[in-house]
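Asker: Each protein sequence line maps, in turn, to chains A and B.
In terms of numbering that gives the first Met the number 0, the first sequence is residues 0 to 271.
In terms of numbering that gives the first Met the number 0, the second sequence is residues 0 to 435.
FYI, nobody ran anything at the bench for these hints, they're computed from the structure.
From a predicted model like this one, the values you see are computed outputs, not experimental measurements.
Just so you know, not all the hints are guaranteed correct.
Facing chain A, according to a computed beta carbon distance under 8 angstroms, are these residues of chain B, among others [stated by the list, open to error]:
1. T69
2. Q72
3. P92
4. A120
5. L259
Just so you have them, the derived chain A footprint on chain B, three or more residues with Cβ under 8 angstroms [claimed, not checked]:
6. 44–58
7. 170–176
8. 185–193
9. 250–258
10. 302–308
A few chain B residues that don't get close to chain A, going by computed Cβ distances all over 12 angstroms [stated by the list, open to error]:
11. L40
12. E142
13. N207
14. K208
15. F283
16. E297
17. D350
18. I415
19. Y433
The beta carbon of each residue, even a glycine, is placed where N, CA and C say it ideally should be.
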Amino acid sequence: MRRASQYAALAAYIVFLAFPLVWLLSTALKTPQEMALADPTWIPREPTLANFTDAFGEQDLVGAAVRSLGVALASSVITVLISLPAAYAMARYRGLVNKVAIGWVLVSQVFPFILIIIPLFMILRDLELVNTLPGLAVVHVTFTLPFALWMLQGYVRAVPVELEEAAAVDGATRLRSIVKVVAPLLAPGVVATLLFAFISSWNEFMFALVILQNPDVMTLPLTLVRFTGPEGVARLGPLAAASLMATIPSLIFFAIIQRRLKSGLMAGAVKG
Amino acid sequence: MRITSALAAAAIVALTAACGSGGGGGSSSSAPNEPVKINFLSLAWQKESIAANKQLVDEWNKANPNIQVTYVQGSWDNVNDQLVTQFAGGTAPDVIHNDSPALSGFATDGYLLDLKDKLPAELKSDIPQAAWDTVTFDGGKGEQGVYGVPFLQESQVIIANKKLLEASKVRIPTADNPWTWEEFSEAAKTMTKGDTFGVAWPMKSPVNKTLNLALNFGGTFFQTGADGKTTVKVGPEEREVLQRIHDQLYKDKSADPAALGQGTADPLPAFYKGKFALLPAGVFLRQQVAEQAPDGFEWVTLPGPKGTSAQQGAVSQTLSIAQDSKHPDEAMKFIAFFLNGPNQAKLAKGDWLLPTSQSAAADPAMTTQENGWDVATASAKNLVVAPFLKVNGFDEWKSKVATPVLQEFYANKITIDEAAKRLVDEGNKVLERYQR
C-alpha cells in the first residue's frame with residue numbers, strides 16, 4: 000500500500016513536470032479552429048503539421064538554435080572558467096577585501112537591468128562587438144558571473160579545508176592539492192553552475208534584443224517572439240511548434256550533463 | 000575534467016560556426032563602389048503580413064541594386080526598449096516600423112528625422128492630413144515636424160454573432176447609421192438571455208480602447224492651458240464611456256464579467272461557443288475570427304457605436320527614419336516605394352488593418368463585404384488624431400496610472416469619482432516631470 004502511494008506520487012510528479020511539454024506538443028499539432036475551442040482537447044482531433052511548416056518556413060529556427068547553442072555553451076564554459084579560481088579565493092581567503100568582494104557580488108545582483116544595458120551597449124559598440132555573437136557571449140558571461148561566483152564559493156566552502164591540510168602534510172603543493180583533492184569534490188558544483196549559466200544564456204532575450212540587429216546572427220528567443228503581436232495576441236500554433244523545437248537542444252545538453260552531475264554527487268558523498 | 004574540455008571545444012566550434020553563418024557588423028556605411036545598405040526594422044507578425052513585407056523588400060532590392068534593404072523583424076512587445084538602447088548607442092535601424100504614440104517621445108529626444116521636407120509629393124497627397132496629424136510632433140525645440148509616414152490605422156468595431164444578433168430582432172447598424180450608445184446598451188440587454196451575455200469587454204489593457212472610444216463624447220483626457228502646460232482632465236465628457244461600460248457590467252449585467260480581465264483575443268473561444276453576442280474590438284481581430292471560427296459559425300462586423308459623434312482616436316502604424324541614419328535620402332526613397340497605394344493595400348490586407356492611402360482604400364479588396372472589410376474601411380472616416388498622441392509623458396501615464404486605475408474601476412473596486420481623482424492627481428505628477 001505504501002509502495003503504491005509512492006508510485007502514485009511519483010506518477011503525479013512526472014505528469015506535473017511533463018505538462019508544459021505535452022501541452023506544447025498538443026497545441027503544435029492542432030488546427031486554428033481546435034485551438035480556439037472553449038473546452039480544450041488534449042489529443043488533437045485532426046492532427047496537422049501545418050504549424051511546423053509555417054514556423055520553419057517563416058523563420059530560420061535551425062540556424063537560430065545553432066547560434067543560441069554556440070553562445071550558451073561558450074558563455075557557460077567561460078563563466079565557469081573565470082568564476083572557479085575566484086570562488087576558491089573567496090572561500091579560502093577570508094579577510095576584509097574578501098567580505099567587500101562578496102558584498103559587491105550580492106549588490107550587483109539587485110541592479111535593474113535597464114541601468115546597465117545602455118552603458119554596456121556603449122562599451123560593446125566601442126569594442127565593435129555590437130551585432131556579433133561573441134559580443135552577446137561576453138554580455139552573458141558578465142550577466143551570469145556574479146551568481147555563478149556565489150554558487151561556486153558555496154561549493155568550495157563545503158569541501159573541508161582539512162583535506163587540503165592533509166594533502167599538504169603528505170607533501171602535496173597547494174596547486175596539486177587543489178587539482179587532485181578539491182577539484183573532484185567540486186565536480187557537482189561545477190556542473191550545477193554550468194547548467195545555471197547555460198540556461199541563463201539559452202533563455203536570455205533582452206540583451207540579445209538590443210545587441211543583435213542583423214537577422215543572420217539572431218538567437219532563438221528573438222526568433223520565437225516573432226510569432227507574437229500587439230496586446231498579447233499570438234500565433235499560438237507556429238509559436239508552440241517553434242517552442243517545442245527550441246526545447247530539444249537544451250534537453251540533449253541536459254541528458255549529456257546530468258550523468259556527470261549524478262556521478263559527481265556520488266563521488267563527493269564517498270570522499271566527503 | 001574531460002567533459003569540461005569537450006564542452007569548451009564544442010563551445011568554440013559552435014560559436015565559430017555560428018559566427019561564420021552570421022555576419023555581424025551592424026553599420027550600414029558602405030565603400031564608394033558598394034551598394035548603400037539600409038536596415039529596415041519591421042514589426043509584421045501575421046503570416047500574410049510577413050510575406051507581404053518580405054515580397055516588397057525583395058522587389059525593391061531587385062529593382063535597386065545600389066540601395067539594398069535588409070529586412071529585420073522585431074516584435075511589438077519589446078520594440079521601444081530595443082529602440083531606446085539602440086538610439087542611445089547610435090546603432091538604430093535606418094527605417095523603423097512603430098506606432099504613432101511611440102514617436103512623440105523619440106521625436107522630442109531628437110532620435111527621429113523630421114521628414115517634412117523629404118516627403119515625395121505623391122506620397123504626401125495620397126495620405127489625408129488627419130493621418131499626417133498623428134505623426135506631427137514637437138521636435139524638442141518648439142518646432143513641429145513630421146516624424147513618420149502613417150500607413151495603417153486601427154479603428155474599433157463590434158464583431159457580432161450573426162445568429163444571436165438576428166434572433167434578437169434589434170436594428171442591425173450600418174456604417175452610415177451606427178448604433179448610438181443607448182441602442183448598443185439596449186441591444187446588449189436584449190441579447191442577454193440565460194447563460195448568454197449581450198457583450199464582452201476584455202479590459203486587460205483598457206487604456207487605448209477607453210480613450211479612443213471616449214472621443215465619441217468629446218472626451219480628450221488631456222488639456223493644454225494658456226501657459227502651454229498639459230494636464231489630465233476627467234470631466235463629464237471623459238466619464239461617459241467609462242460609466243456606460245461600467246453600467247453594462249454591473250447595472251444592466253449585460254456584459255460577461257469573465258472577459259473583464261482578459262486580453263483582446265482571449266474571449267474568442269467563449270464567443271464561438273455563444274457565451275456572448277457582441278465583442279467590441281480593433282478591426283485586426285477579424286483575422287483571428289476568420290481563421291479560427293468553427294465551421295458553421297456566422298459572424299458579422301458592425302460599426303462602433305456613436306455618442307455625440309462617431310469619432311474615434313486614430314493610432315497609426317508608421318515608418319520613420321533614424322536621425323543617425325547614414326542614408327536618409329535612400330531610406331526615404333524606399334519608404335516611398337514601400338508605402339505607395341498598391342503596396343499599402345497589400346500590407347493592409349496582410350494585417351487586417353485600414354490603409355491611410357486614399358488610393359489603397361479604393362482597392363476593391365478593401366471594400367468587399369467578405370469578412371467585414373466594407374464596414375472596417377468605412378470606419379476610417381471617423382478616425383481623428385487622438386489628443387493623447389501629442390502628450391509627452393503619455394506612455395508613463397498610461398502604464399503607471401491609467402492602466403491600474405481603469406482596471407480597478409472596471410472591476411468595480413473604486414468609484415468613478417475616485418478613478419477620476421487618481422487619473423488626474425497621479426497623472427499630473429507624471430506629466431509635470433516631462434514639462435520642466
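Asker: Does each hint fit the structure? Answer for all of them.
Answerer: Hints and how they fare:
1. T69: holds (7 angstroms)
2. Q72: Q72 (chain B) check passes; min Cβ-Cβ to chain A is 5 angstroms, inside 8 angstroms.
3. P92: holds (7 angstroms)
4. A120: violated (32 angstroms)
5. L259: violated (15 angstroms)
6. 44–58: Held - the stretch 44–58 of chain B has 4 residues with a Cβ nearer than 8 angstroms to chain A, which meets the minimum of three.
7. 170–176: violated (count 0)
8. 185–193: violated (count 0)
9. 250–258: violated (count 0)
10. 302–308: Not satisfied, violated; 0 residues make the cut.
11. L40: The assertion about L40 (chain B) is violated, with a minimum of 8 angstroms to chain A.
12. E142: holds (27 angstroms)
13. N207: Violated, because the least Cβ-Cβ distance between N207 (chain B) and chain A comes to about 8 angstroms, which does not exceed 12 angstroms.
14. K208: Check fails; 10 angstroms does not lie beyond 12 angstroms.
15. F283: violated (8 angstroms)
16. E297: Consistent with the label, E297 (chain B) stays out of reach of chain A, its closest Cβ about 14 angstroms off (over 12 angstroms).
17. D350: About 9 angstroms separates D350 (chain B) from the closest Cβ of chain A, which leaves it inside 12 angstroms; violated.
18. I415: holds (25 angstroms)
19. Y433: holds (18 angstroms)
The structure does not agree with the numbered hints 4, 5, 7, 8, 9, 10, 11, 13, 14, 15, 17 stated previously, though it agrees with the rest.
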